[in-house]
Amino acid sequence: MRKKSESENKPESPEEEIIDSWEDLESNADDGTQLPRTIEFPAIPNVTEVAEKLENLTIVENPAKIKLEQLEKTLNAMNELFVAKPLVKMSDGENVVVEKSDKTKAEPQPVTESADESKEKTKEIASVNKGETVPTSDSKSPEEIKAEREAKKKAKAEAKEKAKNKDKTTEPPPKSKSESAPQSEQNEMEGGKSKAQLKAERRAKQEAQRAAKADEAQKKEDSKSKPQQVKRVPDEIQADRASVEKKLAKRLASQQILPRTKAQRKVQLFSHLHQYEREFSISSSYPIVGSHIHPSIMTLGLQFAEGNVVGSNARCVALMKALKHVIEDYTTPESSELDRDLNDKLKPQITFLKECRPNSISMGNAIRSLKSRINAVPTGSTEKEAKGQLIKWMDEYVYHNVVLAAEQIAITACEKICDGDVILTYGCSSLLSKVFAKASDEGRKFRVVVADGRPKFEGKEMVRRIVNMGVHCTYVLASSVPYIIQEVSKVFLGAHAVMTNGCVMSRVGTSQMALVAKSHNVPVLVCCETYKFTERVQTDSFVFNELGDPDDLVDTGLNVNPLEDWRDLSSLTLLNLAYDVTPANLVDAIISEISVIPGTSVPVVLRLKHDQTN
53 MRKKSESENK PESPEEEIID SWEDLESNAD DGTQLPRTIE FPAIPNVTEV AEKLENLTIV
113 ENPAKIKLEQ LEKTLNAMNE LFVAKPLVKM SDGENVVVEK SDKTKAEPQP VTESADESKE
173 KTKEIASVNK GETVPTSDSK SPEEIKAERE AKKKAKAEAK EKAKNKDKTT EPPPKSKSES
233 APQSEQNEME GGKSKAQLKA ERRAKQEAQR AAKADEAQKK EDSKSKPQQV KRVPDEIQAD
293 RASVEKKLAK RLASQQILPR TKAQRKVQLF SHLHQYEREF SISSSYPIVG SHIHPSIMTL
353 GLQFAEGNVV GSNARCVALM KALKHVIEDY TTPESSELDR DLNDKLKPQI TFLKECRPNS
413 ISMGNAIRSL KSRINAVPTG STEKEAKGQL IKWMDEYVYH NVVLAAEQIA ITACEKICDG
473 DVILTYGCSS LLSKVFAKAS DEGRKFRVVV ADGRPKFEGK EMVRRIVNMG VHCTYVLASS
533 VPYIIQEVSK VFLGAHAVMT NGCVMSRVGT SQMALVAKSH NVPVLVCCET YKFTERVQTD
593 SFVFNELGDP DDLVDTGLNV NPLEDWRDLS SLTLLNLAYD VTPANLVDAI ISEISVIPGT
653 SVPVVLRLKH DQTN
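Numbered according to the numbering used here, the sequence shown terminates at residue 666, and the numbering increases by one at each position without gaps.
Because the hints were derived from the structure by calculation, they are not lab data.
Check the hints yourself; a few may be wrong.
Stated by the list, open to error - Here are the simulated PhoX-like cross-link-like pairs (lysine-lysine), alpha carbons at most 20 Å apart as the crow flies:
#1 K206 / K251
#2 K406 / K373
#3 K542 / K497
#4 K125 / K247
#5 K216 / K247
Source: prediction; values computed, not measured.
Produce the complete structure using the sequences and hints provided.
Have a look at this one:
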């Protein structure tokens, strides 16, 4: 129901009940009746007012012709911008025309069009699109329109060329206040720069990027054309290359060292390695007196060649002791400096030892540390002071890296040994003997199983040391390890070196012990000092190794030796490998003087040691 308006004056019938308000409806409603909400209707607008507003409305058309005129004005304004002339500003909602003068500009005046004019222009544009001509004063033929478009394109191209050639750093000539007002308005509208300037900047950036890319491509081509520097491979593992052999022969001749005799019979797979043979020993050709090789170095070389000094730690300690004697007997020439001349004097000594037997990883690390220490000797110090500093440093190097490190490793490894453990070890290790001695002194009740193999049977020396400690010991060959591993609780192994990828280089046969232990879920612990860590990466035993005397394999312990005349058999070769590589996944932990670390932490330890030395 809607309340009747006053305009409706018709009389109501007497039957109908007139309701003047919602209160009357509420009074007449039953209890269950739901009353509607109050609805407010908008007022009806007056028709005459709406008609007047419609008549007063003006429709501003924006036909294509007007757009072309605006574009032409914009191009003219851009041309005037680069020659420092007044501009014509184009706003979004209206067209603004500025009359140009020599010095000042008038205020912009809005251009308005009537409805009739806009309708006429719309008709003209529609007729032009259809191909018709309208007889107006401003009508143009299609040819004229095309000519105008071409002229505008040429003007655009000229403006772009001017923008490119113009220096960015140059400023426009000063303008009057009246001229700068519209310019500031346009800068505020376009973020402080005109469209032409922005386009010019973009083009300049693109050109710079293209030039940079061209330079990079040129550099890549130059690098490809140049021979790439390959990391140097040690000469001791390139014995099968003639060029390397010639280079090595020249080096030995310059240092007055006799080259080693080449092995006559070698396994083809290991032909790149030097093979030591006792009957062709290099040390036997040198005189004891009158040689440029120091007597202590000569003695040490003989001991290395004969195998009297065994073990990575023992060889490193013997080397430092021999070099101490060399430095003590050294005298600096008058026209030379100690650091340069001493390094030159040490080169033939180290080369001689290397020709007798390849250096171990521990020896190589010690030699590099010694050379860096020699280079760090103060220039103002006397010869006596410098020699004293070097000898003191060598003693400290051995004490910290060998003696103290072994004591700390023994303390840490003892914590891994419990009462009732059965420990398996392989060969002989001076570090493991200290670990077992420490555990025995602390009263730990354990048993050691020593596995051994040919040809040197180093495990016999390990058994002798363990028995002297009062520890129960069992001696077996490597072939019996798969049987005895069933009662083993832990495996302790020594190491010749630890690679940066976590692989362990040790005496040949160690990897077999680790493999058997891993197959039976027995933990494998490797004890090694950090000075044996190396940056070398090696995953197998073929790239770098040491070949021993093949005659060591001839003695079989039988009355009849079938290998006695093996050199007479052309189809028979003997291989005596010194080391093998144990993969990192077979080693559970590495016990060092720092702590118990995994194989993946070896690069971190090397980086820390490098930072400390520097």
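Taking the hints in turn, this is what the structure says about them:
1. K206 / K251: holds (17 Å)
2. K406 / K373: holds (16 Å)
3. K542 / K497: holds (14 Å)
4. K125 / K247: Since the Cα atoms of K125 and K247 sit roughly 14 Å apart, the hinted pair holds (cutoff 20 Å).
5. K216 / K247: Holds, at about 13 Å.
Taken one by one, the earlier hints all hold for this structure without exception.
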